Structure formats: C-alpha cells, structure tokens
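Chains as they are written, first to last, in the working numbering: chain C, 43 to 345; chain A, 755 to 800.
Hints should not be assumed to be uniformly reliable.
As the list claims (entries may be wrong) - Keeping only pairs whose Cα atoms sit at most 25 Å apart, straight-line, the calculated SDA-like set for lysine to any residue is:
(1) C:Lys66 x A:Arg769
(2) C:Lys66 x A:Arg773
(3) C:Lys66 x A:Ile793
The set of hints was computed from the structure by calculation and includes no laboratory data. Just so it is clear, the structure is predicted and the values come from calculations on it, not from any experiment.
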Amino acid sequence: MTTLTLPHQADLPTDWRDFVALTKPRVMALVVFTGLCGLLAAPGWIHPVLGFTAVLCIALGGGAAGALNQWYEADIDALMKRTADRPIPAGRMDPQSALHFGVGLAALSVLLMGLALNWLAAAILAVSILFYVFVYTIWLKRRTPQNIVIGGAAGAFPPLIGWAAVTGDVTALPLLLFAIIFLWTPPHFWALSLFVRSDYAAAGVPMLPVVAGPAATRRQIMVYTLVMGAAAVSPWALGLAGPVYGVTALVLSLGFLGLAAAVAANRATDPAGMQPERRLFAFSVFYLFALFAALVLDRWLLA
Amino acid sequence: MTEPVDPRSDEIRARQRSRSIVMAIALAAFAVLMFAITIARMGLKP
C-alpha cells in the first residue's frame with residue numbers, strides 16, 4: 043500500500059480556496075482582460091448580460107484548463123520550488139478531485155457559451171481548452187524547448203472567443219489579435235525564465251534557457267519581438283484599426299524592441315546582472331494591456 | 755464506552771461548512787445568471 047506515504051492532510055476535505063487556486067487566478071486575469079477586449083472591439087451590440095456571460099465562460103474555461111494542467115503536472119510541480127505548494131503536490135487535494143473539477147468546469151463553460159451566446163464561440167473555447175491540456179501540457183511541454191510557443195497559442199484564444207461571441211464569426215482582425223498574443227508570449231516568458239533561477243532542469247522540462255543557454259534565448263527573444271511588433275502594427279496598416287491604435291502600437295512596439303535589444307546585448311549569466319531582462323518582462327505585461335486597451339479605445343472613439 | 759473521536763473532527767466540520775456555503779452561493783448566482791440570460795435572449799431590456 044502506497045497510501046501510507048500520503049501527507050496527513052489527505053483525508054481532510056479540501057479547502058474550497060484550493061479549488062480556486064487550481065484555476066490559476068493570476069493567469070485568468072490576463073485571459074479575462076484580452077477576452078473582454080476582443081468582445082469590446084468586435085462590431086455590433088451585445089446585451090451586457092450576454093457579454094458578461096461570455097467573459098465568465100472564457101474565465102471558467104481558462105480555469106478548467108489550469109485545473110487539468112495541474113492535475114496532469116502534479117509530478118513535476120512537486121519537484122519545483124515555485125509550484126511545490128500547489129494543492130495536489132502539497133497533498134491538500136486528491137488528484138481525482140482536481141480531474142473531476144476540471145472536466146466539470148470545462149463542460150459547464152462550453153455548454154453555457156453555446157446556449158447563451160453561440161456555438162462558434164463555444165467551439166473555439168472547447169478547442170482552446172483541449173489544445174492547452176492535450177497539445178501543450180500532455181504532448182509538447184516535456185518534449186520541446188519551443189513548448190512555451192505552443193502554450194502561447196492556448197493563451198492567444200480569448201480575444202478570438204470574445205469576438206466570436208459578439209459577431210458569430212471570425213475575421214482578419216481577431217486572427218491578428220490571436221497572432222499578437224501568440225508572438226508576445228515567448229519574449230515575455232523567456233525574459234522571466236532568464237532571471238528567475240528556476241528548477242526546470244531538475245523537473246526535466248526542456249525550457250529554452252536551460253536547454254539552449256542564455257545567448258540563444260536572447261536571440262530568440264529578439265526574433266519573436268520583431269515579428270510580434272510587425273503583427274501589432276498590422277491592424278492599422280491593413281486599415282482594420284484607426285490611428286489611436288496604430289500610433290500606440292507603433293510606440294509600444296518600438297519600446298519593446300529597444301528593451302529586447304538591451305536584452306540581446308546583455309551577456310550576464312547571473313540573475314544579479316539581468317536588469318534588462320527584468321525591465322523587458324515588466325514592460326511586456328504593460329505592453330499587452332496597453333495595446334488591447336488602445337484597440338478598444340480606438341473603436342469606441344471612432345464609433 | 756465512548757467512541758474514539760477524531761481530534762480533527764472540528765476542522766473537518768468547519769471545512770465542510772465553508773464548502774457548503776461557497777457551493778450555495780455559486781448555485782444561487784448561477785440561477786440568477788440563468789434567469790438574466792433568459793430575459794436577455796428574449797430581447798427584453800432589464
């Protein structure tokens with residue numbers, strides 16, 4: 043019997059706060075924001091109650107994906123300091139509860155989206171959850187140093203879902219919003235993984251800085267930043283967004299590029315010398331929020 | 755004869771209670787949301 047090795051709390055009912063922690067609330071904030079912006083940037087009117095429901099479904103779907111991710115990754119989470127205190131590796135929740143919670147939440151979010159909004163938005167939401175769980179978590183995360191690129195695709199779905207919830211279709215602009223978040227994720231995350239001395243190596247996860255080293259990671263950050271900047275400005279260039287968005291995107295992207303150049307020029311291998319990486323990471327969060335806020339502002343000023 | 759008492763039974767009860775309360779709030783909110791969605795889908799302004 044291996045049950046003897048379970049921590050003493052295992053037979054206590056799980057605290058409800060641990061179910062909340064399972065949904066990765068901090069990731070959810072970004073998901074809710076970009077989903078809301080996709081919804082607000084879409085043409086046409088949506089009843090506020092239905093708009094709220096759409097954002098709620100995006101949040102619940104994201105939470106479900108987070109829960110299923112933690113269910114599957116409990117083994118490697120237990121090996122890393124940052125994640126060892128999550129409910130399952132810490133022994134406060136039994137894995138099956140997390141699995142049931144995740145599947146239930148996923149089904150609820152997709153069905154509610156389909157019934158209250160439309161089935162295209164529900165289908166994209168379902169695809170994003172399945173993609174995060176099966177393609178990213180189960181298939182690629184432990185196999186390729188480009189894992190975070192794949193994970194970024196999952197995080198890029200919310201504006202697409204928000205848009206589809208309003209219009210019932212997907213056009214060029216929401217696809218560009220998808221591309222922007224998709225291309226933003228690698229520089230954002232790799233900057234963090236450079237200066238946070240993490241123990242991915244101990245857990246056997248092939249994170250780029252661990253596998254390829256800081257120099258290659260900094261080069262890749264630069265490459266993704268260039269393509270991301272081009273994608274960020276393209277809605278304006280293609281006439282899909284106005285000058286408020288266009289000028290904001292241009293200025294923000296040039297700032298991003300400048301900070302990425304400082305990262306590319308940095309040779310430090312010790313976290314103490316990684317000021318440029320810290321600055322880039324902090325700016326990257328501001329960048330995405332400001333860019334999407336500008337898009338919404340742009341549309342509401344023109345309308 | 756007294757039955758053996760789990761020293762953590764207070765903690766267990768407290769957790770069950772807080773989980774029940776959270777569940778009740780979530781279900782009530784869901785019922786309200788369903789009503790609001792129904793009204794909105796019928797095209798009535800609240």
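Here is what the structure says about each hint:
Distance restraint check for Lys66 (chain C) and Arg769 (chain A): the Cα-Cα separation of roughly 21 Å lies within the 25 Å cut-off, and the hinted pair is therefore satisfied. Our distance criterion of 25 Å between C-alpha atoms is met by Lys66 (chain C) and Arg773 (chain A), whose separation comes to about 19 Å. At most 25 Å may separate the alpha-carbon atoms for a hinted pair to count; Lys66 (chain C) and Ile793 (chain A) exceed this at roughly 32 Å.
Consistency with the previously given hints fails for number 3 only.
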